[in-house]
Amino acid sequence: MTKKLVCLLLILLCIFQSGCWDRRELNELAIVLAAGVDSTPEGNIELTVQIVRPRAFGGGAEKPGGQPKENNVWVVSQEGRSILDAQRLLEKKVSREMYWGHNVIAILGEDIARDGVSKVTNFFSRSPRVRETIWMFVAQGRAETVLNSHSQLEITSAQAAGFMIRAGTGIPVMLKDLKMMLASQTTHAVLPCIGLTPSGSPQGVGMKENIAEARGKQEDSTQVHAEVTICGTGAFKGDKLVGWLDISETRGLLWLTDQMEKGVITVPSTEDPDRQISIDLVRANTEVEPFWDGENLWFDVKIEMDGTLLEQQSMEDLTNPQIYRTIEENVSRAIERRARQCLEKAQYQFEADILRFGEAFHIKYKGEWAQIKDRWDEIFATADVNIFIDARIRQTGLETKRALGE
Amino acid sequence: MLEGGKIDGRQAVYLSITYIMATALLGVAAITTSFARHDAWISSILATVLSIPVAWLVVKLSSLFPGKTFIEYQEEILGKYLGKITGLIYVVFFIHICSFMIREFGDFIMAAFFEDTPILVFHIIVVAMGAYTVRHGLEVLARVNQIFLPFIILSVVMIIFLTIPELDFKRLLPVLDTSPVNIIKGSITPLAWHSEILALAMIIPFLTKPDESGKIAYKSLAMVGFIFLIVTAGSIATFGELVAFMSYPFLNTARIINIAKFIDRLDPLIMVIWLAGGFVKITFFYYIAVLGSAQLFKLNSYRPLVLPIGIILVAMAVAVGENSIQIAHFLSHIFPVYGTFFQAAIPFLLLVIALFRKQGRTPK
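Going line by line, the protein sequences match chains A and V.
Each residue of the first sequence is one higher than the one before, counting from 11 in my numbering.
Each residue of the second sequence is one higher than the one before, counting from 42 in my numbering.
Hint data in this document are derived by calculation from the structure and do not stem from the laboratory.
A couple of the hints might just be wrong.
[What the hints assert, rightly or not] One side only, chain A facing chain V, incomplete, derived with CB under 8 Å: (1) E38; (2) T143; (3) A193; (4) G253; (5) K376.
Remember, it's a predicted structure, so these values are computed and weren't measured experimentally.
Note that CB positions come from ideal geometry on N, CA and C, so glycine has one too.
Based on the provided sequences and hints, a complete structural model is requested.
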């Protein structure tokens, strides 16, 4: 009898084991895929979120017959004094509880980035609901504009941005990386810049495009598709945005910080300057060594790169070792040019060490570092940088030299 | 004899590993790093080395009074009245630190997983399970832990192994960048944790071979030290000096695991470590508090004390601090001194007095 009673009690216990206060039912959640933060003229912040619309996701195959395709996400904004405040106010409009666990990206608007990002980054790292692996971006303009978009290939533009940044098109920065850069005594932060650019024609009827090229002209509004685009890098000094690096300077930044993973280097041909040769990057490695003699600081940057020649517009003979060597040297120079562009901006325009050179210095000169760490920005700005590049083309694809008159 | 069960050497080693490591894994790296910065891993090695004398102390004392627990031989060393008073102080000390463990246990679950659930729910559940286990005695606890510990170790190793792609050991450089003073300061908190090896003195009489207690203590400390080292070094290699500002660095380390977008979101492993380890640790200190008070008052059975002390523990766990910042402050600033005082300084005095008065079994 007692045993039966105990069994019954144990079974009853199961009902309460699932938890009462913190149960989260999937159909009661508003899953946030992307968040954007802008500042308002009154000094408040405006939170924009992309929320999954489960009905749009559930359909699977697209509906046939040219019916208007629905957007898979709901983009909604709310002003508030803090992000959590705005989120709470947003729940007046959103019928479900916001769930941040699947958030892919967070975009900081240009205004708030210029005011200082530390004002808004804390929510993302303090709250256990947001993961520290979300990708961080800074928008050219307002974050809300960028989020109010859709992707042609991915289900949402947030996922598209996540995939692109992982593919090495810009400088990949996760929340944890941003926090580390902001906490560093010498390194200044960088964030990939994101925007909308005209990208082909839209594939769905009746979908609003949110760029100047499409706006205002009602009949043209479906002629241009606005796709999220990585458009460079935002450089910070302290927690404030001070300027932009364009795509080519961003490549330089990737080279100098040893984060180059994929890419194509195009150099003019050795015989015909109007024709180009493109080399696909296979692997790259960068080492930075600082030197300090008590007054002067200089860096030796050694870059090694292996690539595959995959396109040759010109006709030169690749089997000729001299020509081959010249192409490799041209590649080296092309890399150095990009690195120099980036260095120039970092040293002379921003006067901010966005290249992590300070960390290399700290490791090599730990005694001296304590004396100069407070003046690091000035010292870094006047440092000489020697760049040594060893570029090798290891493969030439499926062809050797080109057939004459092909 | 109050405790009828016997545990063998292996069970004792497992038990000591769990009851020291369980709560140290998640948060202590942050405290160490806040003093020693990226040299915190040196502090953790230092703490392990410094804890060896504490273990020696504990083992030496117990070998002087075979068959007696820490509470019992205090009376022999200090005399009936003074011994009773210090014994009582120690029982209170065990209850006090145990209530902190319960609070930490609830705090973490609330901070990271169950945000809206009242903390009392976790306190009551863990103490209720603990009470059940304590009533069944040391042997049951040791066997439960024999099942749990492999899972705990496996989870720790898995987390560290899977974070390898995120590790950047340059973040540990330059070595010895922090001043030696700060490295020593950083080692005091883990040392206070390692010194919990003192609790072994309460169960040495119940070992099948009490002579092996030295081996058990050193083995467990070496293992705990090693795990603590890889957790600290791993956290710093992942997050750099940010570790100092985190509440639970090892949780953050587990949260960033992402192998090919396929293996990710491994925080449940942290739950395994915390629930299993926390339960064993809390139950163990609960047990020695109950056993100690029964011995203090010369009861025939410790069972009548299980429930009252359990209720005290639940209440104390709420009362020890108003918020998580206070708990963190206690653990980083007060416990290092408080813990080391009770776990190392007083036992040292006891040993000196015992040797001076030529008490106990004379060494051969």
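I'd like to know which numbered hints this structure contradicts. Please list them from smallest to largest. Hints 1, 4 not satisfied by this model.
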